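Using my numbering, the letters of the sequence shown correspond one by one to residues 406 to 553.
Hints may be right or wrong, so weigh each one.
[What the hints assert, rightly or not] DEER-style ranges, computed between Cβ atoms:
{"no.": "1", "residue 1": "537", "residue 2": "461", "range": "30 to 36 Å"}
{"no.": "2", "residue 1": "548", "residue 2": "481", "range": "29 to 35 Å"}
{"no.": "3", "residue 1": "505", "residue 2": "461", "range": "32 to 38 Å"}
{"no.": "4", "residue 1": "522", "residue 2": "477", "range": "38 to 44 Å"}
{"no.": "5", "residue 1": "536", "residue 2": "477", "range": "27 to 33 Å"}
{"no.": "6", "residue 1": "548", "residue 2": "478", "range": "29 to 35 Å"}
[What the hints assert, rightly or not] Heads up, simulated BS3-like pairs for lysine-lysine below, C-alpha to C-alpha not over 27 Å straight-line:
{"no.": "7", "residue 1": "507", "residue 2": "552"}
{"no.": "8", "residue 1": "550", "residue 2": "493"}
{"no.": "9", "residue 1": "543", "residue 2": "507"}
{"no.": "10", "residue 1": "477", "residue 2": "504"}
{"no.": "11", "residue 1": "469", "residue 2": "543"}
{"no.": "12", "residue 1": "533", "residue 2": "507"}
{"no.": "13", "residue 1": "517", "residue 2": "552"}
{"no.": "14", "residue 1": "504", "residue 2": "543"}
{"no.": "15", "residue 1": "486", "residue 2": "552"}
{"no.": "16", "residue 1": "507", "residue 2": "550"}
{"no.": "17", "residue 1": "504", "residue 2": "486"}
{"no.": "18", "residue 1": "507", "residue 2": "446"}
{"no.": "19", "residue 1": "517", "residue 2": "477"}
{"no.": "20", "residue 1": "493", "residue 2": "533"}
{"no.": "21", "residue 1": "493", "residue 2": "482"}
{"no.": "22", "residue 1": "477", "residue 2": "550"}
{"no.": "23", "residue 1": "517", "residue 2": "482"}
In short, the hints are calculated from the structure, not lab data. Note that this is a predicted model, so its numbers are computed, not measured. We treat Cβ as the ideally placed atom computed from N, Cα and C, and that holds for glycine.
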Amino acid sequence: MKSHIKILLLILIVVDSSSYSQIKKLNLVGNWNMTDYWGNKSDFILSEDNYASMTVNGEFIDGKSFIIHGGKNDGQKGEMKYIINYEKTPIELDLVAMKENKEMGRILGVIKLINENEFLMIWSFDGKRNFDFSENNKEQIMTAKRKG
């Protein structure tokens with residue numbers, strides 16, 4: 406009886422560690438081409454040190470250092486970082502605006518993987534994560550393809 410328990414525990418440990426390794430194998434760090442519903446394209450870069458850079462309306466925003474346009478922080482220096490939770494389904498990817506190491510705002514994102522080089526993404530700007538990847542929400546869905 407005790408040997409059956411040991412075997413069961415061993416199987417559980419192997420299954421748990423293999424699912425963890427599958428999560429760790431996926432790596433979204435790198436350069437991506439993003440395309441929205443209307444065909445607008447932008448660069449989207451996730452760095453190893455958790456900075457996010459992107460093109461918005463033709464302007465490249467360097468996540469490590471950019472100038473804030475508008476609002477009470479107009480003209481000041483900011484940073485943009487990202488946080489990924491691979492353990493959630495769909496994967497959660499949040500963009501975090503930082504100023505002087507303080508969080509100033511957050512854009513909530515979810516990712517639906519197509520394969521390791523392509524995913525669908527929805528950004529939420531209202532503080533509520535949008536999980537709707539259906540045809541009814543197609544205007545909110547962006548497609549990302551890994552460069553190179």
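Original post:
Given the hinted pair residue 543 and residue 507, is their alpha-carbon gap at most 27 Å?
Top reply: 34 Å, violated
Subject >> Satisfaction of hint between residue 552 and residue 507, Cα-Cα up to 27 Å >> reply: Answer violated: residue 507 to residue 552 is near 31 Å, above 27 Å.
Subject >> Restraint check for residue 507 with residue 446, where alpha carbons must lie at most 27 Å apart >> reply: 30 Å, violated
Original post:
Hey, residue 504 versus residue 486, does the alpha-carbon distance stay inside 27 Å?
Top reply: OK: residue 504 and residue 486 at ~11 Å, within 27 Å.
**OP:** Could you grab the alpha-carbon distance between residue 469 and residue 543 and see if it respects the 27 Å cut-off?
**Re:** 31 Å, violated
Original post:
Should the hint that residue 548 and residue 481 are 29 to 35 Å apart at their CB atoms be regarded as holding?
Top reply: Given range 29 to 35 Å: holds, Cβ gap about 33 Å.
Original post:
In this structure, is the beta-carbon distance linking residue 548 and residue 478 contained in 29 to 35 Å?
Top reply: 31 Å, holds
**OP:** Compare the distance between the alpha carbons of residue 477 and residue 504 with 27 Å, and conclude whether the hinted pair is satisfied.
**Re:** Roughly 12 Å between the alpha carbons, so the hint for residue 477 and residue 504 holds.
Original post:
Has the given pair, residue 507 with residue 550, been kept, meaning a C-alpha gap of at most 27 Å?
Top reply: 31 Å, violated
**OP:** Given the hint that residue 477 pairs with residue 550, test it: the Cα-Cα distance must not exceed 27 Å.
**Re:** Since the Cα atoms of residue 477 and residue 550 sit roughly 35 Å apart, the hinted pair is violated (cutoff 27 Å).
Original post:
residue 517 and residue 477: Cα distance at most 27 Å?
Top reply: 35 Å, violated
**OP:** Evaluate the given range 27 to 33 Å for the C-beta pair formed by residue 536 and residue 477.
**Re:** Since the Cβ atoms of residue 536 and residue 477 sit about 32 Å apart, the hinted range of 27 to 33 Å holds.
Violation of the numbered hints given earlier is confined to hints 1, 3, 7, 9, 11, 14, 16, 18, 19, 21, 22, 23; the remaining hints are satisfied by the structure.
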